[in-house]
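Please build the complex by placing chains Z, P and S on the supplied structure of chain H, with the hints as guidance.
There are 4 protein chains.
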Amino acid sequence: MKKEADNFQVRTDLAIEAKNMYVEKENKKEEEIKGVITKERTENDIRIAYVEIDAEGSELVAKKPGTYVTIYADGVKRQDTKRQEDAAKLLAKELEALLKKNKIESDATGLIVGLGNWNVTPDALGPMTIEKVMVTSHLFKLEYETVHDGYRSVAAVTPGVMGVTGIETSNIIHGIIEKFNPDFVIAVDALASRSIERINETIQLSDAGIHPGSGVGNKRKELSKETLGIPVLAIGVPTVVDAVTITSDTIDFILKHFGKEWRDKGRPAQALAPGGFSFGRKKLAEEDMPDAEKRNAFLGMVGNLSDEEKRALIAEVLTPLGHNLMVTPKEVDGFMIDMSHLIANGINAALHENVNIDNFASYSR
Amino acid sequence: MKKEADNFQVRTDLAIEAKNMYVEKENKKEEEIKGVITKERTENDIRIAYVEIDAEGSELVAKKPGTYVTIYADGVKRQDTKRQEDAAKLLAKELEALLKKNKIESDATGLIVGLGNWNVTPDALGPMTIEKVMVTSHLFKLEYETVHDGYRSVAAVTPGVMGVTGIETSNIIHGIIEKFNPDFVIAVDALASRSIERINETIQLSDAGIHPGSGVGNKRKELSKETLGIPVLAIGVPTVVDAVTITSDTIDFILKHFGKEWRDKGRPAQALAPGGFSFGRKKLAEEDMPDAEKRNAFLGMVGNLSDEEKRALIAEVLTPLGHNLMVTPKEVDGFMIDMSHLIANGINAALHENVNIDNFASYSR
Amino acid sequence: MKKEADNFQVRTDLAIEAKNMYVEKENKKEEEIKGVITKERTENDIRIAYVEIDAEGSELVAKKPGTYVTIYADGVKRQDTKRQEDAAKLLAKELEALLKKNKIESDATGLIVGLGNWNVTPDALGPMTIEKVMVTSHLFKLEYETVHDGYRSVAAVTPGVMGVTGIETSNIIHGIIEKFNPDFVIAVDALASRSIERINETIQLSDAGIHPGSGVGNKRKELSKETLGIPVLAIGVPTVVDAVTITSDTIDFILKHFGKEWRDKGRPAQALAPGGFSFGRKKLAEEDMPDAEKRNAFLGMVGNLSDEEKRALIAEVLTPLGHNLMVTPKEVDGFMIDMSHLIANGINAALHENVNIDNFASYSR
Amino acid sequence: MKKEADNFQVRTDLAIEAKNMYVEKENKKEEEIKGVITKERTENDIRIAYVEIDAEGSELVAKKPGTYVTIYADGVKRQDTKRQEDAAKLLAKELEALLKKNKIESDATGLIVGLGNWNVTPDALGPMTIEKVMVTSHLFKLEYETVHDGYRSVAAVTPGVMGVTGIETSNIIHGIIEKFNPDFVIAVDALASRSIERINETIQLSDAGIHPGSGVGNKRKELSKETLGIPVLAIGVPTVVDAVTITSDTIDFILKHFGKEWRDKGRPAQALAPGGFSFGRKKLAEEDMPDAEKRNAFLGMVGNLSDEEKRALIAEVLTPLGHNLMVTPKEVDGFMIDMSHLIANGINAALHENVNIDNFASYSR
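Residue numbers (the numbering used here), protein chains in the order written: chain H, 2 to 366; chain Z, 2 to 366; chain P, 2 to 366; chain S, 2 to 366.
The shape of chain H in the complex, shown without the other chains (with noise of 0.2 Å):
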């Protein structure tokens, strides 16, 4: 799990937020970001955010150039075993697509890399996932004529974190690549959030590289086509979010909240009768934001401020006093069973043409 080096700094690994924070920040439109072109579709009822940066893209939203893609996948969260079903579907032709696109052949041999921390519920998403990835490599090397065809050649590996191995992730993995060859890496990795609304939800594939976070101190070297010569690909799941995201996140909600009261309603803020809301979820949205002066009537110079400097005055408060925990939900433990299992199942329905849509159970214990 990548750790943000600095709360001040608005820092995100989600390319779709680094965009979102651009466009907030320089009061653009999206359509003006040069070099960050951005679509949208929705299959299966689930929608899919495509974000392409080239270099000079790359600069403007502090992400490195490559494709992103955005699966936004609450089957997890839901415990709807449906959705996580479709959502893996989903991975995998999204997958497919990346590994075509980087020229990528269906015998190329793969490793998967499971970054993260076995003994941290929250950061063992990669090493959760490898553990059902299906690995097919030594019975290539050693049993060739019981390969069936339909199959590639597939290793994985847990690298583990610094704080227990000792040594830089990044060596470990590199080492490990220079003995192996693979002709392209998965890397898998659980990620921060900066929205309570994307923790194991958002699932991010790109190809545009990854640094294994180390835990101790800040050093990272990259895992990149650059780096390694071969591509590299990246899936990544927000499982944790810190106090300051929270925070920061309520008091918008309050702003709109108050916002949509006051227009819908014409009825007083400061009425906090349990009766005042519906049940069923509810949705704010960027138009239920007041204006300026009620802002101010809300919330006071607090109400005002942007979104960076709304965080950046929540860590100045939270830091010191130890309270800027990193959290996650109480549910973690079954969440992670399960977005190791989408992802994982994703994977081996898009590395090996044998294993599809109907046969996912049969392939995954």
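Just so you know, same-sequence chains aren't split out, so a pair can sit in one copy or run between any two.
Here are the simulated DSS-like cross-link-like pairs (lysine-lysine), alpha carbons at most 30 Å apart as the crow flies:
{"id": "1", "residue 1": "257", "residue 2": "295"}
{"id": "2", "residue 1": "78", "residue 2": "142"}
{"id": "3", "residue 1": "83", "residue 2": "142"}
{"id": "4", "residue 1": "102", "residue 2": "222"}
{"id": "5", "residue 1": "65", "residue 2": "142"}
Simulated from the structure, these hints should not be mistaken for laboratory data.
Below, chains Z, P and S alone, put in the same frame as chain H:
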């Protein structure tokens, strides 16, 4: 783990919080609460608070009558082995005192009940503690001659949670107690916290009984001296907190932060420069809270809500959005291991004369 | 897991073994045993044996009266997913038949009891099965309207073992049953095998009740229709074997091996050349056993001991040396996962009309 | 865990067994084996054997040249905490001596490699030990000033097994070593035993290098001073045994048992009465083995086979039947926890001056 029935209702599992809430709400001095006696002391750099609640006080603060001991044990959070040991010793001492107060003889038979769900790490405090508790009762029955003096008969069970067993947890416990006939019960459970600061830090020990919460629905059946005819001691540690609490606490911290800056430095509150705070853990105190006018300037209408109103507002906003997450620190796995170890050591030393502060390690794996 | 009280006493948990032992010892034909009826059939390449024991037969073979169904399910051992599914279907079918035979209605409430010790992998069959069993009873009580037709009310508990809880296991179960009042009980337990061949292969299903073994000492209390007033079905699988059994079985195999070689090839038995056996699984049959004279030549006095005498001799030799190990195959972890999955699937399909052979996977994680 | 390539081939991982096998087979006296020096001593009631093998001896006993130290540590088997601590101290002492012998300085950087498969408990000795080993190397690199004197730089990795990663284990290790550049390696692995008595009891320590076994196929690549250019120490403990060994050992015990009875009591061997043996652990000695004539009377032709012939015969019988199980004691989970703890404590104390026999507990959880 007990789930709060209602976010609007001001409930807490901790007597010290209930008392503080009453004091704040009624704007009283502590000494004036009839039927509630509070004391505090510090031993080995660990703070311990005692709250004695009688029938009269019980109605005021909405906690059952009894003795509540709160130990502030930050050794787990800080990963400080020495402080963990000191806290275990203190827990043993306070538990022994409470056993004596309840007239439990040194050869009385005890049943330790580990409440909570094995499969949900932050809810597994009970089961994880049971794993490390010394069980001797079968030896007394079957091999009487091999049991040394200095040990008492102790049994230990993990009844599970209703969502897993399908059976009301209190029914399972009542059934076992009827067959086993212990002289007293010690129940260990994870709690929800109403404060960021208390997570994995506060250990509450009481003789007022406990309601094993059911995960599904909200029917509870009490475990207490009244229902069982034998003393029921409870040991609880907050391991989760909800987004309402995180935001509400943070808003308070922001107000005090501004108040302190205003007072200390004559520096305008809007100065957000990172240089504005000192490294090392800061503390904010009640007197840092600015006056109503400044609170309004900083945080508008929200700045002048009472704690109860503020929590109700945030719950009203977050709950319909599905964002009132119950969360736990990312490091939950390690925290639970250490905390269950600490509590088991405390119980073992309190229950058996021959287990003491100098031979902890030998008795728990 | 039940521990045999005495290695000299010829005890077994499997009715089919008890019957065979009686047949061998008394030198009778199967048809001649009064009160014991044996049948066999094969379905889907899986062999199933039925033993019906009445009061009269009970005394002869030292097993309680009732129906015993033995399924020979080698899919787990062979890691063959398809054969595991077939066996689960068969288990479901036989379990349904036994429920009917015991006049258990399709809406009767069941309690599944997972006997054994979580912390001892080969003894964890019960607890591991419980993890995968569908629990519905709380839904019937609390959310009646949400429960679909086609499901019955089922609860599930893991009472632990006396060495861990300190309480007689049957006391815990009796206590829970008195509070929960199920209409029938299904107990799942790991057994000791008296044969190398049966480990992780034989599933015994019966309605004759069970004695949850205590790890310490040897006092047992029965779970049966007589003691509980409701039908008690038991599902058991041998997961461990002792060194006495391994050696005794091997000595028999050696004798038959020599006998077969002698007969088949006229080849002298002492030819130990590796060329002497064919690859692919060989089978040795009863008729391969050579006559007394040859047995004496091959294995001296030991070659002519009865099975009972041979086991007694080996136990007499190994036990005082501390070498009569109870062992389990090295691959125990994987075996237990697969076998508990198989059994949970069988139970789920048998108990709920809506769960059937085509939607197994969806109902168990 | 290394799998013996061939049951007919007389292979063993333990030098002491290899030496004994050679002595038996060639019917020589120990002193006569050129190039093999054997010593023994006892400390704290623990027996330690030293075998020094040079190039000449290496060919005779089929073990690589080097020093082999065997510690007979029965504390784990007996669940005796005190004896486990004593064994850990002894292991630390012998490991320190071997480090010195290999001219490894007290500030040399070490890499601990935990061989074996996490998911197969009896093969998880390496990974379980790594969990408890002190890792300091990242602290030396990143926070030099916080590292106290008295510690050295240590890293630790668990490369997995080929059946799980798809990559030859030695390739993974070589790759990591090239990047990390340690001064020496310590590899920890579970072994197969050729004797019932040695399971979970014998700890072998050597500087002769190791071949990480591949689970699939049988190609091995060595880890040794020759291949890596740095000293490679190996710590191995037998955790599994096959049915051939159990039966072969038991047949020997039967012969000695008869021999002893014959000699001691003039009592006919066929007396199988339970009264015939004394409780408390008996020992059988080499001199209890009866002469050839009596061996023939007791066990026929099999009674006069050499150890090698006997094992070959049993393997010939069991293997084609699929019954030459590799087994582990039922209590494997607890044994592995204790043994990995013992070894990690030994390693920690040997590698860091500041960790010693009196503060073990503080350094391992």
